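Following the hints, put chain B in place on chain A, whose structure we already have.
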Amino acid sequence: MGRIIGIDLGTTYSAVAIVEAGSPKILENSEGIRTTPSVVAISKSGERLVGVLAKRQAVTNPKNTIFSVKRLIGRKYNDPIVGKDKAWLPYEMKESSTGSVEVKMGDKFYKPEEISAMVLQKLKADAEARLGEKVDEAVITVPAYFDDSQRQATKNAGEIAGLKVRRILPEPTAAALAYGLNKKKNEKIVVYDFGGGTFDVSVLEVGDDTIEVRATGGDTHLGGDDIDKIIIEYLVKQYKAQDGIDLSKDSLALQRLKEAAERTKHELSASFEAEVNLPYITSDASGPKHFLIKITRAKLEELTKNLIDRSIELLDKTINESGIAKGSIDEIVLVGGQTRMPAIADAVKKYFGKEPHKGVNPDEVVALGASIQAEILSAKDEGRRPEGEVKDVLLLDVTPLSLGIETLGGVFTRIIEKNTTIPTSKSQTFSTAADNQPGVEIHILQGEREMAADNKALGKFMLDGIPPAPRGIPQVEVSLDIDSNGILNVSAKDKASGKTQSVKITASTNMSKEEVERLKNEAAKFAEEDKKKRENAEIKIKADQLVFQAEQALKNGGDKVASDVKDAVLKKIENLRSIKDGIEFEKIKIATDELFTEMQKIGEAMYKKEEPKSEEKKEEAPEGNPAGENK
Amino acid sequence: MEDVKNDNSISEPKTELEKLTQERDEYLNGWKRAKADLMNFQRDEEKRITDLIRWGLKDIVQEMIPVLDNFELAVATLEKDGALEKGIQMIKLQLEDLLKKKGLEKISVEKGKPFDPNFHEAVGEIDSEFEEGIIAKEIEKGYSLNGKVLRPARVMISKAK
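So the sequences go chain by chain: A and B. Residue 1 is where the first sequence starts when you use the working numbering, and the numbers rise one by one after that. Residue 632 is where the second sequence starts when you use the working numbering, and the numbers rise one by one after that.
The shape of chain A in the complex, shown without the other chains (with noise of 0.2 angstroms):
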């Protein structure tokens, strides 16, 4: 048996998805695109086009591309309604026999589910492409207020595209699915969803098994597009008053307004202002004109009140005949790509005085939900659980904090990352801090703070027995694994002897919520601090490190390094020497690199001198360490 798809059969756009490894996601078209416009056309050379293809020859072809056919579906000839849309729908339509609307394309009539099945049929085609299987079922969402006869005539679409109709779920309803919604029992949702070209309010309320809808409103000819027209009409009017110029007759300059109109609107919903920068918009007697307009997003707020006002009285008058208080609402779902203009969203919540979700993309959010319809059926098909629903069974925690040890300088080295999924365990190679070390320390820390001494100590042992050898050569592995109770297993091994020494630590998740917070608002509060801190201890354990290098350098070098350039070399150690234990960080830093430049002029003096000769002497390089060095 094949995938179940779901499907937003949207007015102007339509989206798929399907749940993959419990989350749902959205399958691109052929074309790569996350949306297809819901556009079907016969081409003038008879071709039949659907999706972006129909949209492109739209303009030349307007008798022959049918879009907004969902307006019409379902619906009498003779509906107010159709009446209204047929006054602006470019093409042909009239009344068949049964009383229902029939649109004209190339020489023929076709029923609007006819039409919405061409656009079906090439989502359930692209979702096959995408997924390498057959798909044969969908859940097909649909406008709240569609009556049967608008949920049956869509069926039917779905039917002639190949694809049997597992269920027609309302839109405000899959909203609600895709933010896990349906799980809370008796809530009372409100779903604002302004649309590219329509505008839908719904109260929703979860009951134990079910979302019923308790009310919808809106407007079926309001939009983004709507907002568009207005950023384009304000764009030509203050052109005309800056240069003189009406854009409004000149179509090139139109179209790249349109776009330009579309950016702005969409740059205005991340930052306060916005540039429209349109050179050589068009020409006059005095040579080429250029387009120049800076608006702010108060000015796009302002010119656009009036529309946001009015869905806030829409969105008023729905709770009102729903008969549900405005103060018993319990959550609010955002949809559609309009919502994410700031002025919407907090237009929305001061109604409210309440955040509406927002998470989830409002264009896509409606198509999710229908995809996890699809998988609740699939599931109950073949006799599972829902995979959304497994991960609830098979609950997997996360570390609320940082897990690492101590090394050199007293900073806190992380091995486990904070909100890491467990079980699971890391590891990382450190070395000994000085010749000849004997053993290592492994202090156990939790926390966020930058140094070790700030974090929470779970525990400390010793690792000994390691075989002499200089500082930075020893490879000592530190282990931590967290297994699925929260257990932390520590252990470090002596690379070289294989001598392994553990400890396990059951305190780490002991820790109550409110603790992880205050530890982690902690590291927020004193990260500048933390910061400083760390790099100081870096700075000495630099300083520390090229000391020995130098004095190594120089044992190395022996007799082939010119007096001049030991002395002067060892006038700088014994500068860095003198202050490295300090806490004068600057001048520490200074001297380091004072020294690492004076350094390097024993291997330059070295090299110099060889050349004449040609011997071959391997030049001692320092030691870098692989990774920290442990106390």
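If you are wondering where the hints come from, they were derived from the structure by calculation, not from laboratory data. Treat the hints with caution; some may be incorrect.
[Claimed, not checked] Below, a list of computed lysine-lysine pairs in the DSSO-like style, where the Cα atoms sit at most 30 angstroms apart:
no.	chain 1	residue 1	chain 2	residue 2
1	A	Lys94	B	Lys663
2	B	Lys768	A	Lys258
3	A	Lys63	B	Lys768
4	A	Lys258	B	Lys663
5	B	Lys779	A	Lys258
6	B	Lys790	A	Lys229
7	A	Lys104	A	Lys164
8	A	Lys587	A	Lys601
9	A	Lys380	B	Lys689
10	A	Lys183	A	Lys94
11	A	Lys84	A	Lys94
12	A	Lys76	A	Lys94
13	B	Lys663	A	Lys418
14	A	Lys289	B	Lys678
15	A	Lys542	A	Lys513
16	A	Lys249	A	Lys237
17	A	Lys86	A	Lys76
A quick note: this is a predicted structure, and the numbers were derived from the prediction, not measured.
Positioned in the frame of chain A, the structure of chain B alone reads:
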């Protein structure tokens, strides 16, 4: 009104053994599923990363198309063969070359060829010497990135006579 069933009614187990067996199956299946999910995810991720490398440039290149348009417009208005025109032309070429190396191609549009919505977008109709539905004029250049259309060429097509 329409409703959604939240139910996941799975038959109630009878004996302890049945319960444990059912639980075991559920866990084992969950584990298998998780492993499979991980493997599938890894495979998808590999593909996604390959795509990302190829397509990662898409956003920035797409936003540069209007800049290319403006260069076209600038060159068109400048005096032919003037020093300024030559200079601008050279900068335009430099930018085009750079983008070409990243896979951006101009969509070729020929006057008198049939309109093809795979590569062209019709923005209007004009009278011309050609038959109806034939490309009469190119308004804005179209571009493809690594073979996929980023923006179709905007064209005027011939009106019916």
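A:Lys63 paired with B:Lys768 [C-alpha distance capped at 30 angstroms]: Given that 30 angstroms is the threshold and the Cα spacing comes to 22 angstroms, the pair holds.
Given hint B:Lys663 paired with A:Lys258 - CA-CA distance at most 30 angstroms: Measuring from Cα to Cα gives roughly 52 angstroms; hence the hint is violated.
Hinted pair A:Lys542 and A:Lys513, Cα distance within 30 angstroms: violated (38 angstroms)
Restraint check for B:Lys779 with A:Lys258, where alpha carbons must lie at most 30 angstroms apart: Satisfied, since the Cα-Cα distance of roughly 24 angstroms is no more than 30 angstroms.
Given hint A:Lys76 paired with A:Lys86 - CA-CA distance at most 30 angstroms: Holds: A:Lys86 and A:Lys76 sit about 12 angstroms apart, inside 30 angstroms.
Restraint status (C-alpha distance of A:Lys84 to A:Lys94 at most 30 angstroms): Given that 30 angstroms is the threshold and the Cα spacing comes to 14 angstroms, the pair holds.
Pair hint A:Lys380 and B:Lys689, alpha-carbon separation not exceeding 30 angstroms: Between A:Lys380 and B:Lys689 the Cα gap is close to 41 angstroms, so the pair fails against 30 angstroms, i.e. violated.
Holds or violated: B:Lys768 to A:Lys258, with C-alpha atoms at most 30 angstroms apart: holds (21 angstroms)
Straight-line alpha-carbon gap A:Lys76 to A:Lys94, limit 30 angstroms: holds (11 angstroms)
Restraint status (C-alpha distance of A:Lys249 to A:Lys237 at most 30 angstroms): holds (12 angstroms)
Straight-line alpha-carbon gap A:Lys587 to A:Lys601, limit 30 angstroms: Holds, because 22 angstroms separates the two Cα atoms, which is no more than 30 angstroms.
Agreement of B:Lys663 and A:Lys418 with the hint, judged by alpha carbon distance not exceeding 30 angstroms: holds (27 angstroms)
The structure fails to meet hints 1, 4, 9, 10, 14, 15 from the earlier list, while all remaining hints are met.
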